[in-house]
Amino acid sequence: MKAAVTTKPGSPEVIELLDKSIPLANKGWVLIKIKAFGLNRSEIFTRKGESPNVEFPRVQGIECVGIVEEDPSGKYKKGQQVASIMGGMGRDFDGSYAEYTLVPEKIVLPFHSELPWVTLGAIPEMFQTVSGSLSQALEVKKNEVLLIRGGTSSIGMLACQLAKHLGLKVISTTRKPEKEQYLKANGADLVIIDNGNIKEIVKNLFPEGVDKVLELIGTRTLKDSLKCIKPRGMVCMTGILGNEWTMKEFTPMGDIPSLGRLTVYMGEAENLQKQSLQQFIDAVESGDIRITVDRAFKLDEIIEAHKYMESNQAKGKIVVQI
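Residue numbers (the working numbering): 1 to 322.
Treat the hints with care, as some may be off.
Result set (DSS-like, lysine-lysine): computed pairs, CA atoms no more than 27 Å apart in a straight line [as the list claims (entries may be wrong)]:
| no. | residue 1 | residue 2 |
| --- | --- | --- |
| 1 | Lys48 | Lys298 |
| 2 | Lys78 | Lys48 |
| 3 | Lys227 | Lys203 |
| 4 | Lys227 | Lys199 |
| 5 | Lys2 | Lys48 |
| 6 | Lys2 | Lys307 |
| 7 | Lys274 | Lys227 |
| 8 | Lys274 | Lys78 |
| 9 | Lys8 | Lys307 |
| 10 | Lys20 | Lys141 |
| 11 | Lys169 | Lys106 |
| 12 | Lys142 | Lys106 |
| 13 | Lys176 | Lys227 |
| 14 | Lys227 | Lys179 |
| 15 | Lys184 | Lys227 |
| 16 | Lys248 | Lys179 |
| 17 | Lys315 | Lys199 |
| 18 | Lys298 | Lys20 |
| 19 | Lys2 | Lys33 |
Since the hints were made in silico from the structure, they are not lab data.
Construct the entire structure; sequences and hints are all you get.
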């Protein structure tokens with residue numbers, strides 16, 4: 001099989017398209033013939049050698065959609081549509097940057113759909129992250145005000161749609177004024193041009209502050225996001241679009257407002273009920289939810305795809321189709 005192998009830590013050029021043996025299925029694992037997979041920014045950190053305990057060479061990729069090639073347990077039939085998310089994919093064991101992948105049965109999620117594979121490839125990790133962040137971490141409720149920092153990311157775009165579907169008022173941010181109409185077309189009630197310090201703008205709009213903040217930029221804007229919430233409001237840090245994992249000079253008693261709450265979401269496949277994925281795919285098929293695929297690449301274009309992801313040009317999900 002063809003596999004895009006990250007041979008060592010470094011730039012996108014360290015990824016090489018190589019011939020590898022198809023993995024042998026064994027008890028407790030499922031062999032998947034991959035049809036498509038989404039790219040995720042965490043894979044940039046893994047490629048650079050910044051993800052802990054990752055050994056090289058490694059086939060990266062933390063999600064995929066495809067069909068079952070072999071399941072020794074008989075739980076899944078050959079040809080059945082499935083998704084696989086996280087659970088060590090692309091980090092502890094070889095992941096989805098290949099024509100086949102062997103994954104633990106516990107991270108396999110069955111579904112059925114007539115959607116194109118490119119669209120399906122954009123869904124698994126994005127839906128798991130957004131659904132978990134909103135419902136499990138932030139516990140959003142109808143009529144609340146949600147601020148999304150990093151609104152033009154694929155996670156931010158979907159979070160806006162799901163939040164509106166749940167009856168929330170949504171403020172989305174972007175650094176680029178030309179993307180304002182794009183966010184409004186996606187459903188945002190208000191758009192703020194984000195220079196890293198938006199507390200005053202938010203407080204002018206909502207003097208008490210907002211109910212919830214989905215922080216996708218990360219440590220660069222976290223302190224400012226905490227200043228935007230009302231008493232008993234909550235910030236959930238889910239993304240690291242700002243490319244900084246650690247935070248300098250963070251003082252909990254000073255930076256977290258009184259009665260404010262700060263949490264993070266780092267969900268796995270186990271956090272996602274299998275019927276939830278099917279329900280979401282059904283909503284996409286019916287047109288209730290729109291999936292934005294910015295660009296689709298082929299496996300032999302993986303270097304170009306990584307460069308594009310790092311350029312921060314994407315307005316939606318980047319997908320690789322096999």
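- Item | Pair hint outcome, Lys315 versus Lys199 [Cα-Cα no greater than 27 Å] | holds, 25 Å
- Query: Given the hinted pair Lys142 and Lys106, is their alpha-carbon gap at most 27 Å?
  - Reply: violated, 33 Å
- Hinted pair Lys227 and Lys203, Cα distance within 27 Å: holds, 9 Å
- Query: Within a Cα-Cα threshold of 27 Å, do Lys274 and Lys78 meet the stated pairing?
  - Reply: holds, 19 Å
- Query: When you check the alpha-carbon spacing of Lys176 and Lys227, does it fall within 27 Å?
  - Reply: Distance ~22 Å between Lys176 and Lys227 Cα, so the pair holds.
- Task: With a cut-off of 27 Å on the C-alpha distance, tell me whether Lys169 and Lys106 pass.
- Result: Roughly 36 Å separates the two Cα atoms, so the pair is violated.
- Query: If you draw a straight line from the CA of Lys248 to the CA of Lys179, is it 27 Å or shorter?
  - Reply: Violated, because 30 Å separates the two Cα atoms, which is more than 27 Å.
- Task: Compare the distance between the alpha carbons of Lys2 and Lys33 with 27 Å, and conclude whether the hinted pair is satisfied.
- Result: holds, 12 Å
- Taking only the CA atoms, is the gap from Lys227 to Lys179 under or equal to 27 Å? Roughly 25 Å between the alpha carbons, so the hint for Lys227 and Lys179 holds.
- Query: Lys227 and Lys199: Cα distance at most 27 Å?
  - Reply: Within the cut-off at roughly 6 Å; holds.
- Query: Taking only the CA atoms, is the gap from Lys48 to Lys298 under or equal to 27 Å?
  - Reply: holds, 22 Å
- Do the alpha carbons of Lys274 and Lys227 lie within 27 Å of each other, as the hint requires? At roughly 37 Å apart (the allowed maximum being 27 Å), Lys227 and Lys274 break the hint.
The structure does not agree with the numbered hints 2, 7, 10, 11, 12, 16 stated previously, though it agrees with the rest.
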